[in-house]
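There are 2 protein chains.
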Amino acid sequence: MLQENSYPDWIACDWGTSNLRVWAMRGSEVLAEAKSGDGMGGLARDEFEGKLLNLIENWLPSGTTPVVACGMVGSRQGWAEAPYVAVPAAPYSTAVKVPTKDSRIAMHILPGLKQENPPDVMRGEETQIAGFLAENPNFDGVLCLPGTHSKWAHISAVEVVSFQTQMTGELFSLLAKSSVLRHSVGADLGEGFAEAVSETLSKPEVIAAKLFQIRASDLLKGTSGANAHARLSGLLIGLELAATRPYWLGQNVALVGSTSLTSSYAQALETQGVLAVQADGAEITIKGLTAAYSELVT
Amino acid sequence: MLQENSYPDWIACDWGTSNLRVWAMRGSEVLAEAKSGDGMGGLARDEFEGKLLNLIENWLPSGTTPVVACGMVGSRQGWAEAPYVAVPAAPYSTAVKVPTKDSRIAMHILPGLKQENPPDVMRGEETQIAGFLAENPNFDGVLCLPGTHSKWAHISAVEVVSFQTQMTGELFSLLAKSSVLRHSVGADLGEGFAEAVSETLSKPEVIAAKLFQIRASDLLKGTSGANAHARLSGLLIGLELAATRPYWLGQNVALVGSTSLTSSYAQALETQGVLAVQADGAEITIKGLTAAYSELVT
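From first to last, the protein sequence lines stand for chains A and B. Residues 125 to 422 (my numbering) make up the first sequence, in order. Residues 125 to 422 (my numbering) make up the second sequence, in order.
It should be emphasised that the hints constitute simulated quantities derived from the structure, not laboratory data. We put the beta carbon where it would ideally sit given N, CA and C, even for glycine. Take these hints with a grain of salt, some might be off.
Unchecked claim - Residues of chain B clear of chain A, computed beta-carbon distances all greater than 10 Å: (1) E157; (2) K238; (3) L298; (4) D312.
Unchecked claim - Simulated coverage check for chain B against chain A, where a stretch passes if three residues somewhere in it have a Cβ under 8 Å from a Cβ of chain A: (5) 302-311; (6) 336-346.
Excised from the complex, chain A in its bound form:
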C-alpha cells in the first residue's frame, strides 16, 4: 500500500508475450513498480484483468484510476485487440478503451503499427518510439530497437515512415539454447565479436556455415564458451546490419533497448563508422506511456 499522499493518478503498463511490468505513476513520476511472469502468451482472455489487479490493487486509491498499456496485450490473442495503425503514421495513437468488470480501473490499450508492403508489424515498440520522440522531438533519422524481434524504424517529422523487423534475438536464443550450439555457447561474453560482425556483414550468405563452425571449432580446438557466445552474437548482428544497410548507412542512428544489447549494436555500428546514441528501453517505455496518458487526459 502506498502512502495516501502518494497515490498514483494513473498506472503505466508494458505487457509483452512473456512478462507484465507495471508502474504506479503521478504525472511523469514513477512512484512504485512491480512485475510478474504473467505474459500475454500464457493467458486466456478472461485472465488478464485478474492478473493485472493482482499486481496493482494495493496502489489504487478510491475512484477509478486510468491504466495505459502497450504491447502484445493488444494483439488478437491478447486481452482485447487494438487494431494496428498503418504507416506512415505518428507512433502516438489513440488508445482503445477496454471494458473491465472492476470499476477501480479504466483500461486503455495502445495499438501497434503495421506496414502493408513489405508486410510488417510492431506492438510495444511504437510506444518506445513515441517515448524517444517525446524526449527528442526534432529527431530525424533511424531508430533501432534491438530485441527478440529487432525493429528498425525510419523516422521523419515525428512519423514512422517505414520499418523492418529482424528475428535476430529469437534466432540467438534458439541457437544458443536449443540447437547443437548449446553444447558450445556459454553465458559469458568473450572475444571475437567485432570479427564475427564483419564476416557476415561482408558475406551474409555464409551465416549457416559459420554457425556450424562454432560447434566444429569447439570440437576440434576447444574454443571457449564465452568466445563462442561472442561469435554467435557477432554473426547474427552482422547479418542484421547487412540486411538493414539502407537504414543505417550515412544516417543518424539511435539505439533503444537494454544496455547490454544497445552497446553490442553500437560497437558493431562503430566498425562501420556509424556513431549511434543509446537510450535505456525501460525508461523510454515509461516516457512513451506517459505521452499516451497525456493525450488521454487532454
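Fit chain B to the given chain A structure using the hints.
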C-alpha cells in the same frame, strides 16, 4: 527370431543422436530391419550395449556376429570415441573395435571426418558418401547430403577433398516449431518455394527480415500455413545455395537423403540450371556400411 537358414552374417547399424536403426545382413542383402528411439543423445556410456542387444538379440546365431556402426555413436559422448579422420581422405576408414560384455557381438564403429580449416566435422555422412561411391566409383563432383546439418562434400578420385556443413535443417525445425513462426507455418507444403529460393539466393542478407515477414504476412493477409511452410523452406534452402555456390556452380551434383528433402533441393538447384541426381539416404547408408564390412572381413 529369423529362420535358421537366414541367420545374418553381420549387423549394420546407423546410430544417430535421436534414433537407432539396425539391419540383419547376409553379405549385401538385408534380411530384416528394426529401429528404436534410443539415440546417442539420450544414453549414458554403459547403456549402449544393452539398447543395441534389445533390438538385435533375436537375430543372432551362435558364435560371434560382427556389428558395423556409423554415426554419433562414435562421438566423444557416444559408446566409444572413434576419432575423426582429417580430409583429404577416403570416406572408407578403418573401424574402431569396441569391447563388449556380451561375446555374441563384435562391435565396430566407423570414424567421422574432420576438416581443420575452416573447422568442420561429420559423423555418419562419411558412410553415406562411401555408399554412394561404392555404387558410383568414378564419380567426381559434389555430393550434397541435406538434413539437420546439411553436408556439401567435394569428391575427387574417391576422396573427400573438402566439405562444408550448413545448419539449414536445424534452423528450419527450430523456426517452424519453436519460434514465433510456429503460429503461421503448417505441416503441408504449399506454393511459393521457388520464389523464396530465389529471394535469398540473390540477396542472402535479407533472411532475418524475410523470416519475420512470414509471420507479418499471416497476421495482415492470412497467408496459408502450407504456403508459409513452402516459403520458410525456400528461404533457408536459397540461403544454403547462396553459401555453397562455389560447391555447385558448374559442377556435377548428387543429392543423398530422404526423397522429400532431395526433391526440394533438386528443384532449387534446377532453377540455377543444375540438374542433380538423387539417391535414397537409407539405402545408401546400408551400402556404405556394407562396404565397411567388406573391408573388415578381407
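The hints, checked one at a time:
Residue-level check passed: B/E157 sits 27 Å from the nearest beta carbon of chain A, beyond 10 Å. Residue placement check: B/K238 does not keep its beta carbon more than 10 Å from all beta carbons of chain A (closest about 6 Å). Once the 10 Å rule is applied to beta carbons, B/L298 is inconsistent with being away from chain A; the minimum gap is 4 Å. No beta-carbon of chain A comes within 10 Å of the beta-carbon of B/D312; the shortest separation is about 21 Å.
With 3 residues bearing a CB less than 8 Å from a CB of chain A, the region 302-311 of chain B meets the requirement of three and the coverage assertion stands. As drawn, the region 336-346 of chain B meets chain A at 8 residues by the rule of a beta-carbon pair under 8 Å; at three or more, the given contact holds.
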